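> Once you know that position 320 of the first sequence is 549 in this note's numbering, the rest is easy, because the numbers rise by one and skip nothing.
Note that these hints are calculated values from the structure, not bench results.
Any given hint could turn out to be false.
[What the hints assert, rightly or not] List time: in silico BS3-like cross-link candidates among lysine-lysine, alpha-carbon distance up to 30 Å:
hint: 1; residue 1: Lys519; residue 2: Lys294
hint: 2; residue 1: Lys408; residue 2: Lys251
hint: 3; residue 1: Lys249; residue 2: Lys323
hint: 4; residue 1: Lys312; residue 2: Lys251
Note that the structure is a prediction, hence the values are computed from the model and not measured.
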Amino acid sequence: MMGSALDKIFDSYSGESIFKNKRVLQISHTPVTISHRDQQIEAVASILAPALKGERASNLFVYGKTGTGKTLCVQFVTNEILKRVQDSGKDFLKVIYINCKLKKVADTEYRILAEIISALGERVPATGLPTDAVYSRFIEIIERKKQLVLVILDEIDQAVKKISDGFLYTLTRLNSELKNAQINLVGISNSLTFMDDLDPRVRSSLGEEELVFPPYNALQLQDILRERSGEAFAENVLDNDVIPKCSALAAREHGDARRALDLLRVAGELAEREGSKKLTLEFLDKANQKIERDKMLDIIQNEPKQHQLVLYSILSLHDSEKNPLFTGAVYNKYQELCQTCKFESLTQRRVSDIIAEFDMLGLINVDVISRGRQGRTREIKLMLPEPIKTRAREMLTEGLMI
DNA sequence: GTCAATTCACATGAAAGAGACCACGGTCTAGTG
DNA sequence: CTAGACCGTGGTCTCTTTCATGTGAATTGACGA
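Full structure from sequences and hints, please.
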């Protein structure tokens with residue numbers, strides 16, 4: 230019995246694959262040509278061009294929603310610059326790319342700095358040193374020779390939200406202390422309003438040049454998908470209306486190309502898994518649901534126990550109580566649960582923050598409302614669709630042993 | 001009926017503590033020649 | 001004599017608590033028409 234089940238799975242893989250080269254659809258893949266971004270690439274290139282001669286360019290700040298090609302374009306241009314410099318046999322340019330959003334990699338001032346240093350080929354302990362010691366280490370390293378260090382800080386808004394903008398100020402001001410080396414900053418942000426709540430000094434030095442990446446529209450997304458799918462899939466696999474539908478779905482999500490590619494890839498995987506020779510609309514719909522579902526469940530699963538307990542409280546109240554829910558009720562339920570499963574209960578202050586975090590994650594929707602004499606509170610609405618909700622409840626019941 | 005004061009139930013902020021992790025330098029210990 | 005084990009100190013980081021302050025509309029109660 231076991232054997233036949235395995236046979237079925239492996240057979241569907243060993244047969245003709247509908248993929249020709251799946252890697253093309255992965256987000257890490259850098260395409261040879263970038264469509265519909267000529268203008269932006271030119272702009273980035275002309276701003277950063279002085280780096281070709283080892284001169285400090287203007288600090289650049291790039292905005293745009295997720296999946297609009299910001300990172301791609303900046304990396305493309307800096308790679309070209311680096312290639313040219315290296316081709317001429319020089320090595321006065323260092324390009325360092327840091328994604329500030331990756332947890333445990335770069336979400337504190339110390340770690341960002343450590344990350345830069347390790348990109349320069351030096352080691353620095355993961356913790357244990359005073360931050361200013363790391364700064365002087367950094368200065369010492371780059372001062373060893375005359376060079377230009379181009380630091381690209383991706384998702385910089387995330388970092389600043391967590392740390393404060395102080396480190397950006399220090400970083401921009403560092404140049405006046407350096408004799409040999411120069412630092413050039415490129416900030417990439419998803420949030421359009423990010424610049425507004427920065428310290429004015431940082432704003433002026435970081436935003437010497439600014440660039441906005443508009444979202445792709447549905448037609449542009451179609452072009453991109455056609456290009457990539459040509460390489461990714463075998464011939465005659467795609468139904469005609471798959472790409473338009475796919476780009477329409479993604480365009481609805483503020484023109485996110487990454488999402489569109491993901492969708493296509495997952496749809497392909499689903500089709501392949503079911504042994505289908507064709508990628509039809511049906512698979513696209515399934516993929517759309519699956520991505521959403523996996524994302525949510527993944528988030529829930531990886532939350533700490535206390536957070537899960539709060540979420541479980543919300544889930545169970547959501548069914549029994551009348552909507553909407555308020556903080557007080559959730560907290561009471563939470564304390565009750567803590568007693569039954571012998572957990573230490575957190576303070577209301579903390580639970581309040583946890584609820585706010587869930588809102589950020591999109592698991593729930595929260596409005597702060599004032600109910601007059603009934604005080605001020607959060608109105609909590611659960612955002613999980615029915616199937617996900619059920620699955621989440623099962624998962625939490627199991628994980629928390631309730 | 002109108003209007004300002006009151007009041008509720010939290011939201012929101014700031015500061016500080018606990019506990020985990022880690023580097024560094026000094027001291028102790030056991031193995032080596 | 002020396003390498004490695006071990007310890008104390010001092011640093012970061014995350015999660016949490018404690019204390020303090022803020023908030024916005026329903027409610028209240030005084031006031032005047």
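> Taking the numbered hints from earlier one at a time, note which ones the structure violates and give those numbers from smallest to largest.
Of the numbered hints, 2 and 3 do not hold.
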